[in-house]
Every structure is written in structure tokens, then in C-alpha cells.
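**Student:** Assemble chain B onto chain A, guided by the hints.
Protein chains: 2
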Amino acid sequence: MKHMFDEGLERREANHVSLTPVDFVARAAEVYGDRLAIVYGDVRRTWQETYERVKRLASAIERAGVTRGETVAVLLPNIPEMVEAHYGVPMSGAVLNTLNSRLDTSSMLFMLRHGEAKALIVDSEFGDLAHRASLELPELKIISVSDVAQAEVHRFPGAIDYEAFLASGDPQFAWTTPPDEWDAIALNYTSGTTGDPKGVVYHHRGAYLNAVSNILEWDMPKHAVYLWTLPMFHCNGWCFPWTVAARAGVNVCLRKFDAKTVYDLIREEGVTHYCGAPIVQSALANAPAEWREGIAHRVSTMVAGAAPSPTVIARMKEIGFDLTHVYGLTEVYGPASVCARQDRWDALSDDERARLNARQGVRYHLQRAVSVLNPATLETVANDGESLGEIMFRGNICMKGYLKNERATAEAFRGGWFHTGDLGVITPDGYIRIKDRSKDIIISGGENISSIEIEDTLYRHPAVEVAAVVAMPDEKWGEVPCAFVQLKEGAHVDAEELITHCRLFLASFKLPKAIRFGKLPTTSTGKIQKFELRAMVGSDRAIDLPGNG
Amino acid sequence: MKHMFDEGLERREANHVSLTPVDFVARAAEVYGDRLAIVYGDVRRTWQETYERVKRLASAIERAGVTRGETVAVLLPNIPEMVEAHYGVPMSGAVLNTLNSRLDTSSMLFMLRHGEAKALIVDSEFGDLAHRASLELPELKIISVSDVAQAEVHRFPGAIDYEAFLASGDPQFAWTTPPDEWDAIALNYTSGTTGDPKGVVYHHRGAYLNAVSNILEWDMPKHAVYLWTLPMFHCNGWCFPWTVAARAGVNVCLRKFDAKTVYDLIREEGVTHYCGAPIVQSALANAPAEWREGIAHRVSTMVAGAAPSPTVIARMKEIGFDLTHVYGLTEVYGPASVCARQDRWDALSDDERARLNARQGVRYHLQRAVSVLNPATLETVANDGESLGEIMFRGNICMKGYLKNERATAEAFRGGWFHTGDLGVITPDGYIRIKDRSKDIIISGGENISSIEIEDTLYRHPAVEVAAVVAMPDEKWGEVPCAFVQLKEGAHVDAEELITHCRLFLASFKLPKAIRFGKLPTTSTGKIQKFELRAMVGSDRAIDLPGNG
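So the protein sequences, as listed, match chains A and B. Per this note's numbering, the very first residue in the first sequence carries number 249; after that it's consecutive. Per this note's numbering, the very first residue in the second sequence carries number 249; after that it's consecutive.
Next comes chain A alone, as it looks inside the complex:
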């Protein structure tokens, strides 16, 4: 029997519209069309101009034969075309797959194949990928972006120039909201701990809600000026391209991070907000004071990837930067929890405050829950700051799942929670704190590195008997991989040779920064005791759940 509040009151075209962050771009153009949307060197485009360009892009994608629900990959630095891709690709109904430019070409080719990309928008800098892709994926439509240099013809055979591609599109393109807000908007590959990268699929609903959450956490005002220090290829820049549109703010683009340039942009463009990994924050905190001259306005910044150190926090405060510590993973659209500050902390010492600020915190505004659960029973652990469990999320800011990987998807969502793989505790005030990051992931300069991938590579060398890789604290990078290697009896090899070997298979940021030789500590059953290795390199994550050693 239908209820009186449902009878005749079903969803209709007038009162139910799919949530999509693409609509933020449309509203910015409608209401604040003459305000700045994108700044990059001499390029200054308003929201109206940007809206027309991205409608052209969407239309050109459609005319190129890419249909709703097909993939468009991009390999771009944080330049205007990257912002436009975040607006125009989903506007066409296609799914945006941003490739991490720090990866090796083979990994990217794997992603293009696995994601079944129909088109690739690629900066002229990345001739390697363009060339390999044109040879191995002849059906792939390649669109080249000539930013700092013209695309070389022999590396980009058959490619169409981005501006010509745009010119082929209709600036009046009548885009429509997705038929279902659960439809995919983006595909982001994450370096898993085992095997091939996994394709994390985002839905429009989650992207919309996390874009708004960013505003709510930062009390971000209309027309904020946002600097692109955080790569947009990471979790779609934590959804900030859509946040900036929702605020009718300014995207200040930045091809390559450089502390001096950042200070110049903060001064000259009036940048009010930016995000960055700890390495970005340290570089800015430790820059010469004269670079900051003439900057009097307040700047808000978000940091994730690792807790900011007390020194960096203190330094940021000194220079008038307001630091917010967030935590998340690719699967939860970037930040999905925040170490929300409390007024009562003001009375504490800097060190104590830094210690509290270093926690992963509480659920993000429009996320339903974050908690620490016993992974076996799915019961919440006691909030005593000591009971270990696994950090888990639940809510609308969780991926659809992993592309073509039902097993991994089911596993990640078992029991009605998204399992992060990170171990943590709940402190008495209800904040969560990571105690041991997913043991096999090393976060170096904001990039995830799989220790297992490095171990697999080391095992390919004929002299290696046993290999184990752990995160080693590093002042500059946060963490770097340190390899422990036990050689086969009678075998001889030095660190340099092993690194040369690794270079054949790994992107350079994944190479071990130190290799130590010797017999590895094992349990009675022969399992390597990584926590001992971590202790040897001074990692503060030298903790394990009983039975997980």
C-alpha cells in the first residue's frame, strides 16, 4: 500500500535533477560570467569564456564519436586545459581519467587499455606516451596540447591540436545532467599493494558533495582565489576544480611547483587558498623570508598525505598561513576526514596543539561517517586512543567501486563500510589517529608507492633471496622506500647494481633510496617481521596489530 506522502508525489522532471558538479560551472557562468575563472601567465579567462570553451570541448568530444559513459584520458600538468577537462569531459557525458604524469609509460598504457579510453588529451611534454599510444592503440584519438612547446609531429602522429579540437565544437552545446547521479564522472587509478593498479570510479553525486564539503570546511567565500599546487591528477585535485566553480572563484594554474613562483602568485594574483602535500608545505615554510615580502592577506591551506610536523605548523602560523589537516584516499575522493580545530586548543602549547592537529580527525562535512572498527567483527573500537582497528568510511563520498574488479570492490566494501587498510585508534574526544598506514604503502612527496611492487622488482634479480621494503622517514619527502635485501648464498651484488636493475621496471620516484644487506628477521613461521625493519629505520609507524606481524 502506498503511503499518503508518496501517493501521487513521485519524482518528476521539475523536482528531481541529478546532482552533478558540472552544474556549478553553468551557474558560475550564468551569475558571475564576467568574473575571472582561469589565470595562467597572460591567459585570463572569465567564467563565461570558460563555459563556452568547455561546451566546445564537450561538443567536440561528442562529435569525435565518444558517447556517454566512455572514457577520455588526459595527461596534463595543472594548466588551463586540465581545468577545462574537469568541466568539459563530464559535460559531454564521458568519464575523465587523469593520468599521473609521474608514472612510467607502461603503467599509463595499461591504464589507457584497462579504462578503454577513446581519446587522450596530452601535453606536448609527454611525447613518450603519445608516441607509444599512437603505435599500440591505433584507435585512440589523440589531442595534443602545446603549452610550453609545440607537439613534435613524429611523436604525435595523427594528433589534433587542442585548440583546433575546441574549434570543432559548438560553444552553444546543449549539455544535459547525467540521467543518473550515480553515473561515473571520473576514473582514477591507484597504486594497489598487489598486482595491477586499480581503477577507482567516482560518481557525479560524490563529486558534487565533496566539492561542497571543501567549501564548508574552509568557510571558503565566494570568489576565492585558488592556486593549483596540488596535482589535478590526484583524486581530481581533491574535487577542487568543482569547488572553485561552485564558488565562482579563480583557478590560478601552475605548470610546475616552485616555492618562489608560488609566493609571487600569492602576491600578484591575491591567492587565498591552496592545497599541498607536506613536501609542498615544507618548501614554502622554509623559503627565504624576502620571497614573502608584500604578502599581507590571510592564506588558507590544506595538507594531506602525512601529518604536518610541529615545525611546519609553527612556521606556517608565523607567516600567517592557516593550515587545515585532512585525510583521505583515492577511494573517498581525496579528503574525507578533517582534523577539525577546536577553540579550546588555543590554550595549549604549540607542541600539544601540533600533536592534536596531526590526527586524521572527524568525518568530512557531507560524509556520513569515519570510524575505526575491528576488521573481523566490524565493531567500533573503544575510544581510548589505544585500541587498534581499521579506519573505515561510509557515506556518499565513497567511490562506486573498482573498474572491472568485482572481487576487490566487494572486499573493499564488505560489511557496509569502505575499508581503508590503514590502522588507527579513536582518541577520547572522538578523533581518529592513524597508527600504521596500510603497511605496504609508502607516501613519498605526496605519491603512493607500493612496497610490494618494489619487492617484486627486487625478486626479479637473480642474486636476491629475500627482499622487504619499508617506509623510511625523510625530511624532504616525508617517506622514502628503504629496501632490506638478503642475498642468495654465494651471490654478490651491490646497491648500485640493484638500483640500476630496479630502474628498468620502476618510475624513478619509486626507486629505493637506501638498500641494506643482511639476514632479515622472521617469525617462527618464516614471515618477515617488517615492524622490526621499520624500527631499524626509525619509522614512527613501527606498530602492528597482534597477528599481523
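Because the hints were derived from the structure by calculation, they are not lab data. Hints may contain errors.
One copy or two, either will do: identical chains are not told apart, so a pair holds if it fits within one copy or between any two.
Heads up, simulated SDA-like pairs for lysine to any residue below, C-alpha to C-alpha not over 20 Å straight-line [said to hold, decoys possible]:
hint	residue 1	residue 2
1	366	251
2	652	258
3	767	784
4	470	592
Note that this is a predicted model, so its numbers are computed, not measured.
**Tutor:** Below, chain B alone, put in the same frame as chain A:
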């Protein structure tokens, strides 16, 4: 055939949760539990305390036998219990029906019957309704709130005291999000132009999104201090009870509006935000300067119901109040468009700026669209500031429909738009402007009055041959009803007698403030030419669509 981005990637418990503003209360308690939530005289409750009280309320409602999707009505001033009802009633799964305390008892009884209310929470001031309801609706559970006075036993027979009711509930009540975010959260009766009031049904999704839109428009920071000048019985206070929870802000309650008290609260409680009808704004703008002494902080205010006059705008600016003009109706959750200000207006004269600010503006942040369409063809009118059409909305901030009124619902939503009944134009910058409010509605002191209801009442008098009521401009109330009456041949009656007659059937705010006798102008087909009557009383809405005269 399923698409690869859907295959195995369906909604799950972990990644899809119904949007509901009730969750904002939970997060405020989780993250900012020790911060102030409600202030009222000596009453000061934190978010944790409030959360426990509203969980008790939800639990008590459930224990009283009210099940999900049934109605709980409330008749309360803007006191803490009214805020709690906005949190606790939907938390129980019930639908909140706030009654307009300015209505006559018969209208309220109609609403209780039509909405099939199972319980009524009523302030001791409203003994009339409580008494009549207890006699005529014996099944209705009555909960009495003793705020300024104890509930009189003979007027509230069988009623349970609110605090005792709360005590019967469980402060650990395990509320759940609604199974479907399309479920009803509130029922708000609107005075229609014909016949009985219509029950506008709100869904959780819309309440959630408009609560956030309020934050986005105001750039409302966390912990804002919100003063309850706007009755919560109007469109659930434009969704602001939920907005304040989403900001972990402070609800400063106010039983009765009074300009001096408002200034005292702004000073003493540090109020930063409030909303109000033009009459509220005028009262504040025209108050003696000494009442404002000691107030140095910026106060933001929203006004709707009618455009603020240039004098009020100028005065508000003078006293440092920042005025935002919004527009909407009950059917779109209160404000659903906003006259978004533009920097370029700063260069204009005060008068010109006031003229621009007086427009109904652009779509609200998370609303999909507002426009002016030809009601016959549903084509958008030209944005020339002259082509008349009907103002219409589309998006998630539109009601489910009218309760038990499929015909009116279908009519209101025909062609995929919500039809406001208000006539307007689009100015060249894309802003909408009302030219003729729904012709049969008079907005007096922020209340809607149906001219047809007054006409029907006049027709009940034996001496009346023809009656027509139009809005007459009024400095204090914005508009007041003016009646034009043509008497039957040989009949005699004076204005005083007709007013006495009207008083039998109408709430006092609906009484005509002037009655003019004489022959009424009609068209050749005998239709009364209301636009001529409007011109006679100096209404600036003396405009009609051709053929609508």
C-alpha cells in the same frame, strides 16, 4: 547491456546514504558537542545536550506509536522546543507539520485533519486550538509546552507535558537515515488562492540541499550566531534550523519579535545572522539609534516577501547591516532565488543599486534553474526586461507536491517546471524581476493572504452583490487587502458592519483594511477588471498579461 562503469558498481550500504538534514545535527554533536546550540533567556544548551534531547524526542514519538511517514504537528513560537521539533520529529521518521500561529483555529483544525496528524506539540498560549483539538480529534496525542505559562488543565485535557514526554524517550535512540531521501520531512500548508489550504510536502533531499544553499549564499562561517526573527512555521524557517546545525552555529530563540529585544540580543549574544520580512527590517532600520549602541560587528540579514525599499536598504547599510534579497515560495522551501550582488554595482548610485537589488535575481546555489517562461508554450521569454511570462523553478529544491491533491500537483509541475503563478520578466543581465505577483495573493507583513478567501467571505453577506479584493500598498505592512464592494439593489450596509461580518470567518490579519463601495469595472464578458482596481489604490502591480485581465 550493462556498461562497464555500472557493471558490479551498484549503490551499496557503504557508498550510498540518503541525504537528510538530520545528519547535520548528529555531526554538530559529534564534532562540536561542547559548543552552544540553543540560547533562550537563561537556557543555554550545547550541541551534545541538544542532540540528546532530540534523540529523546524522536524516541518518545516512536514510543507514542507514531510510525515512519506519519505526521506530527506543532504550534509553537520560535522557542527552543520549535528548534528541537525540526531535529527530533524527522529523526523519528515522522513528518513535521508546523502550524502558522496567526491562523484561526478552524484553519488549523482543517490542517490537523487533512495532514492526519497523530500528535500535536503546542505552546500553552494556544489553549483554543488545544481545547478544540482535544474535543474534535480525540485520537490526537497532545504534548503541551509550558514556556511563559503553565498549560491550563481544562484547556489541555489529557495532554502530556513536553519535558515529561522527553523524559519518556531514550537519549541513546538509534535513529536511522530515511530509507529514501525522497521521503517526506515536512508538511507546510499554504494559503491557496482558491478553496482549502494546500499541503506542501518537502522531501529530505530538498531540505538538505537548501540548508546548504543558505550557507553558500551567505558565505556563512562555522559557528555563526543565528537569531530567530523569521517564524519557523514559514517554510520551516527557510530551512535555517538545518542550516544552523550544518554550521554548528547558535540558534538564538525569540518568542516574539520586538526591535529593542533584537538589538539587545545582537549585542549580548553576538548575533551575526537573521532573516525577516520587510516589516521586520523596517522596524529595525527605523529604531532609535541608542538601541544599537555597542554593536560593532557585522550583521548579515536576508529579506524576502517583497523587495526592500531604497530607504531601508540605505539605512541598513548605514547601520552596518548587510542585506541579501531572496525570493521564493512555500513550494520551493522558502528562498530559491537570490538577487546576487555584483561588484560592478558598487559604482552606481544608491537608488540605482536599490533598484537592481529589488529584483528576484538568479537561481539559488543548489537549485537547478529559475526562469520566466511563456506559460502556454513554456518557451523562455526574451531577456529584454519587458516580455512578460510566468516565473518558474526546476530542481531539487522543489516540493514533492501537494498532499492528497494530484490534480493541483500535476498542474503546478506541468511541462517539467514548477509554476509559481507570479508574473515576471528577465532583465538583460539574466536576473528575473516580478511584475505582478500571483494576482490573488496579498503579502502583508510577510503573511500570504488570499484575496479570494476574503471575497468569498464578503459574498456570504446578504447585501453584497459583487466583491473584489486587491493589494493596496502600505508603508508598514507592505501590502494590505482593499475590498471593492457593489451592493445589491436597495441593500444598505456600511464598512464597519462588513468588517464585523468578516471577523466571523477570517483571522484578523486577513481583514480588509479599507472597503470602497460602488459599481465595479468589468470587461465586456462581465469579468471584473482587477487591474483597474489596483490602479485606483496605487498598486505598482497594476499590470496584466494580455488576456488575463
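**Student:** A separate judgement is required for each hint: does it hold in the structure or not?
**Tutor:** Hints versus structure:
no., hint, in the structure
1, 366 to 251, "between (47 Å within a copy, 15 Å between copies)"
2, 652 to 258, "between (34 Å within a copy, 12 Å between copies)"
3, 767 to 784, "within (13 Å within a copy, 101 Å between copies)"
4, 470 to 592, "between (29 Å within a copy, 15 Å between copies)"
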